[in-house]
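Participant: Those protein sequence lines, which keep their order, are chains W and E. The C-terminal residue of the first sequence carries number 378 in our numbering, and the numbering is unbroken. The C-terminal residue of the second sequence carries number 238 in our numbering, and the numbering is unbroken.
Derived from the structure by calculation, the hints contain no laboratory data. No residue lacks a Cβ here, since even glycine has one placed at the ideal position from N, Cα and C. Incorrect hints may appear among the rest.
Stated by the list, open to error - Covered by chain W, per the in silico footprint, the following chain E stretches (three or more residues, Cβ under 8 angstroms):
1. 51-59
2. 85-92
3. 101-114
Claimed, not checked - Here are a few chain W residues that sit away from chain E, every Cβ distance over 12 angstroms (derived from the structure):
4. 38
5. 62
6. 125
7. 133
8. 176
9. 195
10. 223
11. 226
12. 244
13. 305
14. 320
15. 334
16. 338
17. 344
Letter by letter, the chains look like this.
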Amino acid sequence: MIWIAIRMLTGDKQKFYGLLFGIAFSTLLITQQLTIFVNLIERGASGVYNVPTADVWVMDEVSRTTDVNLPMPSTALDRVRGVPGVEWAVPHLRANASVRTNEGDLEGVSVIGVDDATLIGLPKVMLEGDPNVLSQPSSVIIDDVGTTRFFPEGESPIGARLELNDQRAVIRGIADAIPSFTSQVTLYTKYSQALNYVPGTRNRLSFVLVGASDTVSADELTDRIEAQTGLRARTRDEFAQDGVDFIIENTGIPLNFGITVLLGFIVGVAIVGLTFSLFIRDNIKQFGALKAIGVTNAKIRRMVAAQAGLVGIIGYGFGIIGTVIFIWGFSADPTFKGFYIPWQIPIISLAAVFIILALTGWIALRNVLKTEPAAVFR
Amino acid sequence: MSDQVKQPAIRTRGVIRDFKAGQQTIRVLHGIDLDVCPGELTYLVGESGSGKTTMISIMCGILWPTEGEVEVFGTDIYSLTDTELVNFRLQNIGFIFQQYNLIPSIDAASNAAVPLIAQGMGRKEARARAVKMLEKLNIADQADKLPNQLSGGQQQRVAIARALVHEPRLVVCDEPTAALDAKSGRRVMDLLREVGVAEDRSVIIVTHDNRIFDLADRILVLEDGRITHDGTEMPEDH
Ligand SMILES: Nc1ncnc2c1ncn2[C@@H]1O[C@H](COP(=O)(O)OP(=O)(O)OP(=O)(O)O)[C@@H](O)[C@H]1O
Ligand SMILES: [Mg+2]
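Model the full structure from these sequences, guided by the hints.
Facilitator: Here it is in structure tokens:
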């Protein structure tokens, strides 16, 4: 009977494709939007992820994220270094500046000052050049988003001069960095150099990056640093989460994506519900005949479930393939750099598909189950 | 032994059926007592609204009587549970509908095989048996065609094959020729008479079609929910 059910559905090409489209569309919208959402809000933590060597971030009590920070006096560094369990501690500066490009455009950039001696604070991988280029005067390293932003394709930025807050800067390397939430161009330079580029008051030290010794966990170390210095200390994971939370709390992004995902679900319910009900209605005589001939309601239920299952599997497959193609197709675009589909998302959209089909199938099925077999003679 | 031979295919006693129409209750059948013999082709005729469809539905186990007893081959079918009754129909009764009600997306042989498939038989075997039945009905050459590629008469013959393929002991038809022209109606009925009626099988047909009355072994006339004539031929005044 399952075979008959499948043939009933696939034989009605229009409705079969309509159902597939509904499910594929919902799956695509839900999966794709959730993927972009998750990847986008994870950008809130890109500043943390770009410095994987730091176990603990130390900051002023009021600082919240890598971008929302209040600089500390330089003495904070020594205080942190005095805490037992601190293997190493280096200064880290993050500030905004403006750049005048060769074309004369003004652009806002992030300037990141990394430790002069160890260069801790730089992204791990360089696409071009060596981290040590920073020892040359007026050197900056640009991130790959900046390359595509500032320079036409094919033109190497190496050696290019920029006017950074009215001072000369020369690009001597390209870092492979996760773009920030705003995709703002980032320039890395030595801490001492950054102090020159970024005018400021007495307090300039944005963060102290700390490596924990083997004897202490990052969690324990943050407690110790906070107790001993009165500064705020966060582990890498905590601070990454802070960045994500900040975006969730301070932007309309969750709501906007939430609405789109909900729309995907509702459109799915509408298309699939209507088409499924139409299909059942068109075949109600056949279902009635089957019931009269001697097919139990339990078997009818299984038939409709098989029809829903078939639509679900194929439609969902198309939707996921669509999402993969989308993410893959845009992977070259820096805005989508490093985007991946977290495994939870396909499961969420599968659950959504299941709910859509269970709901619409149940509504459609009710008509069949309600049909009295005696109706076939009418 | 002789008792068993005499056992009627269908035995009804005091069958009453009421329908609710708004506030009112309308009595459609007024206590029908009827024995239908095995091996006979029985016609149920009567004016529109006289209760023919109601009667045949009750006799084949798809409509509950308001009152009265219905035995089919000795089984009190309305004392069965729902599932038992469905399975009873699947094993014992063949159905032929006015509108054929074939499944449009499967071919003629598969349509004819539906009762066997529903009984759990494998698709191949069921199809092979269905093709044999189509042969008897002279349309084996149409076995691979979809219903919409067949004429009305051919579709009804496929429907007859579906009604007979599982060798039911009772076949019920409501206006099987109503959607057909006179010639194909006649052919379909000749075939049904030839292939369908067997010693241990009763066929009951509801019909208006006076051109085929000569085929019946027995004709029952229903008027306003009562049987007013029971004989081998139509009464004079009809
Ligand atoms: N489900 C129902 N609900 C209410 N009334 C019904 C129902 N089924 C049948 N009736 C009524 O019962 C009466 C007999 O109906 P039935 O269908 O048995 O007549 P019939 O002899 O088959 O007529 P026709 O030749 O037009 O098919 C009619 O008056 C009809 O309106
Ligand atoms: Mg009728």
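Participant: Failing hints, ascending?
Facilitator: none
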